[in-house]
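Each protein sequence line maps, in turn, to chains H and U. Note that my numbering gives residue 231 to position 231 of the first sequence, counting from 1, and the numbers run on in steps of one. Note that my numbering gives residue 92 to position 92 of the second sequence, counting from 1, and the numbers run on in steps of one.
Capping the alpha-carbon separation at 30 Å, the derived lysine-lysine pairs in DSSO-like fashion look like this: (1) Lys272(U) <-> Lys221(U); (2) Lys277(U) <-> Lys230(H); (3) Lys230(H) <-> Lys179(U); (4) Lys272(U) <-> Lys217(H); (5) Lys230(H) <-> Lys242(U); (6) Lys281(U) <-> Lys216(H); (7) Lys145(U) <-> Lys48(H); (8) Lys249(U) <-> Lys216(H); (9) Lys22(H) <-> Lys251(U).
Hints are computed from structural coordinates only; laboratory data are not their basis.
The primary structure of each chain is shown beneath.
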Amino acid sequence: MNIVTCFKIVPDDTLIKIVGDKLDLNVPSKISTYDKNAIEEAVRIKEKFGGKAIGVTAGNTDRKSIREALAMGLDEVIAINMKMQDVMTTAEALAETLSSIKPDIILTGEATTDSSTSVFPSYLASLLSYPFITYAKSISIEGNKVKVERNLTTFQEVVEAELPVVISVVGEINTPRIPSVKQILESSKKPVKNVDFDKEPKIKISNVSPYVITRKKIIIEGKMEEAVDKLLNYLSQEGVL
Amino acid sequence: MKVVIYSEDVDSIKTGVMYFPNDYTIVVSNKEVKVSDELHILDDIKEEFIANYIASLKPDLVITGSSKRDKSIAGAVAGLLRYPIITDVTEISGNKAKRVVYSGMGIAEIEFSYPVVITVTKKSVEVKEKESKILKVQTKDLRVKRVEIKEKGGGGVDLTSAQIIVSVGRGIGSKENIKYAEELANALGAALGGSRPVTAELGWLPEDRQIGLSGNKVKPKLYIALGISGQPQHLAGIKDAKIIVAVNKDKSAPIVDNADYIIVGDAIEFCKVMADKVKKK
Chain H
1 MNIVTCFKIV PDDTLIKIVG DKLDLNVPSK ISTYDKNAIE EAVRIKEKFG GKAIGVTAGN
61 TDRKSIREAL AMGLDEVIAI NMKMQDVMTT AEALAETLSS IKPDIILTGE ATTDSSTSVF
121 PSYLASLLSY PFITYAKSIS IEGNKVKVER NLTTFQEVVE AELPVVISVV GEINTPRIPS
181 VKQILESSKK PVKNVDFDKE PKIKISNVSP YVITRKKIII EGKMEEAVDK LLNYLSQEGV
241 L
Chain U
1 MKVVIYSEDV DSIKTGVMYF PNDYTIVVSN KEVKVSDELH ILDDIKEEFI ANYIASLKPD
61 LVITGSSKRD KSIAGAVAGL LRYPIITDVT EISGNKAKRV VYSGMGIAEI EFSYPVVITV
121 TKKSVEVKEK ESKILKVQTK DLRVKRVEIK EKGGGGVDLT SAQIIVSVGR GIGSKENIKY
181 AEELANALGA ALGGSRPVTA ELGWLPEDRQ IGLSGNKVKP KLYIALGISG QPQHLAGIKD
241 AKIIVAVNKD KSAPIVDNAD YIIVGDAIEF CKVMADKVKK K
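Could you put together the complete structure from these sequences and hints?
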């Protein structure tokens, strides 16, 4: 089984701060939250069926994050250096890189925490002429067939397809493992292949401004009975109750 | 310009039409909504087929909604046509669009050129009815076959249109404790929702009750957050609430900076006292 998992290295969204009229993105990098679930699932499939689990990342190629992905159990990582990227150019870079690998399964997270588009998996699938299955909450493989439970928030769907296939996973599919010290040490011996991809995206982000709605931030402390009375007063003044 | 608009949701279709009133519009949907020059009615939603179908119409612009299925289709269409794609767009004017980024922390202004695929966040707008030329389209499964569909028993609660929402987070403590939030919701005539950990990870509430960037984006006049710390993905889902009340033991939780009224204390005690007082009112 040839498994590829795509992951993105992003600014840690829990550390991003608003400073004046700017977002301070100069924060530590991390593997995007649900991409860790994709890495975990790739490693689990490999552990069950054998073969190779290869990680591919494009854009930010922060070494520490790549090491973490390797420590989680990937065999190697291909790091695509891209200065500017959008969904289209990222999918093109991945499609070019993957064409020689011919994976049986390509796994991604449902969305990344930086751009949250969710459209990358099906875009990549179109470029590779693979079928796509998005929002997987469980994956079972038998022979050449894959059966997937999809979580589409208001309902669930079970679908089947033959390999090869692109699958995006939701956070509840698994709990990503935390690598041991030994695994972290061993990860430094695993191969990281660097590739350059240079193409200018057709869409450009011209500005990012903080999205703030100023709240009143009135703190009510004290005994619960009195606090609730105060709150009810405020809420009736606001006309919402 | 030939504009193809696809969505499983009527409001998203209308939002798409609203942005491009002077272009030739083709709506592809399983919903019968006559607001375009042509209406291609699908008998089912089969994602790969629909993506291929839209691409075969050779549009200059594709607009879809931003639901999970809409986006899956939009990505596939863009890949088939090799068009750039912009998602969750809240505003389009000419060659510029706006969308939310970094889990709701930022708004990005984007410059683009046509052809392009855009997924829009729906607005409640009314657009003019049109004498649409109607075409019926029979869909089929291609390489991915649907074998089962399970609707979730959420009691038909529509969080996106609820006026008051009581919402629980991990800080409520246990699945059993949800009943206190439920009682408060009943007293207030509110809908009950939850954060991602509570719905998707711990299963204390059904997943269709999830509020946040990857669940329901809500716009109630009153939002009561019980034991919710306020991760960016959750805050992004409640930005449009008129008043946010947070009940939390931790005065330094991120929700505190993003709420109008903060009660520092135990969420369960709050539920009991608040429900009692509301009932007596």
